[in-house]
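A.B. asks: As you go down the protein sequences, you meet chains R and C in turn.
Taking this note's numbering, the leading residue of the first sequence gets 36, the next gets one more, and so forth.
Taking this note's numbering, the leading residue of the second sequence gets 11, the next gets one more, and so forth.
Derived from the structure by calculation, the hints contain no laboratory data.
Here a beta-carbon is modelled for each residue, glycine too, at the ideal position from N, C-alpha and C.
Possibly wrong hints are sitting among the right ones.
What follows is a set of in silico ranges between Cβ atoms, one per label pair, in the way DEER data are often shown [stated by the list, open to error]: (1) N155(C) with E70(R): 36 to 46 Å; (2) R148(C) with N115(R): 50 to 60 Å; (3) N114(R) with I19(C): 36 to 46 Å.
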Amino acid sequence: MAHFAKINDDNEVLTVLTVDNSIATDEAAGQAHLEENNNWPAEKWIQCSYNTEAGQHLKGGTAFRANYPNIGWKWDATNNIFHALQPYASWTLNTTTGIWEAPIAKPDTTSTRSDNQVIPDSYEWDENAYQADNTTGWVKNTPL
Amino acid sequence: MKKEILSEIDVYYGTVDMPKYFEINRDELKANLLNSVLKDKSFSNNFVIGNSNDYQMQNGKAFYMFNEYIIQNFFLKHKQSVKNNFNFGSIFNKDESSITKNLIDKYKIGDSPDYTCIYGIEVNKGSQQIILEYSNKRLIENYLNLELKNNEYVIFPSVLNYFFTRNGSDKTNTYMTTTYDLE
Chain R
36 MAHFAKINDD
46 NEVLTVLTVD
56 NSIATDEAAG
66 QAHLEENNNW
76 PAEKWIQCSY
86 NTEAGQHLKG
96 GTAFRANYPN
106 IGWKWDATNN
116 IFHALQPYAS
126 WTLNTTTGIW
136 EAPIAKPDTT
146 STRSDNQVIP
156 DSYEWDENAY
166 QADNTTGWVK
176 NTPL
Chain C
11 MKKEILSEID
21 VYYGTVDMPK
31 YFEINRDELK
41 ANLLNSVLKD
51 KSFSNNFVIG
61 NSNDYQMQNG
71 KAFYMFNEYI
81 IQNFFLKHKQ
91 SVKNNFNFGS
101 IFNKDESSIT
111 KNLIDKYKIG
121 DSPDYTCIYG
131 IEVNKGSQQI
141 ILEYSNKRLI
151 ENYLNLELKN
161 NEYVIFPSVL
171 NYFFTRNGSD
181 KTNTYMTTTY
191 DLE
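So that you can see chain R by itself, here it is in the shape it has in the complex:
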């Protein structure tokens, strides 16, 4: 099945529908079919890949348009990618992976539990902290 995202004038994804591969022999054919049967302009049906995530194809194939979109995600025609909404003002979009990236890399630290098991630490982004001091931003979650 071929997957097509229905987008509005703001390039927001409204839904994703499937079209049989025998009909959607290429993107234009799928778009024409969807326009005729779903009352929505052909150019606002954008083909996407169910198995593409963060610029990678999950089954080893060729990634297509960076991400399989969720409802509310954005279609970026300039970069030919689907991406989520910007999570924080300081984060920038990687136009290859379609992933928003923090201005500072997340710390890669671990903690050792009382049973000697080593686990990765959990961090959350604090935009206010970053805006006050752009050398900080990641805040370590402390276990309850």
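Knowing the structure of chain R, use the given hints to seat chain C on it.
C.D. replies: Structure of chain C alone, referenced to chain R:
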């Protein structure tokens, strides 16, 4: 001190903003409604008190496009997944108004809709208002006055009483009401 919100009176409104050349065909909706008027297909069910202004609506292409728009934008903007329940059209000639009603069947609460949506098919400017009754912390009867223009809609909890004021113009006003259940 902790706070819990037991209920909220949420009202949504806007214009049906469709892509160019794919606008809602309001002439089709009006024709469907007038066809029901000519055939005297008045609308009533367990939820809706029989009202001389209400008529059945055929679910044609324009209805389908409107319904899709509401369902998809409700989820897109408010993360509420809804499905259509029942629908009808209303027509108001000069000097006509409606009775006060809500769309809940108190004997079949489970089958009643959660939201009522009213869409302006053809409304003469400044001629008629929709009045929603609601309670706040002190007053049981507060009134929200709304005036729909062509291609505008308002959505509100189906438990609210509402009515249409007198059509003050010489021309006919037409509306479509669609209802939705939360999923």
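A.B. asks: None of the hints should be skipped; say for each whether it holds.
C.D. replies: Structure-based check of all given hints:
Here the CB-CB span from N155(C) to E70(R) is close to 40 Å, well matched to the stated 36 to 46 Å. Between R148(C) and N115(R), the C-beta spacing of about 56 Å keeps the proposed range 50 to 60 Å intact. Between N114(R) and I19(C) the beta carbons are some 42 Å apart, a value that agrees with the proposed interval 36 to 46 Å.
The structure shown violates none of the earlier numbered hints.
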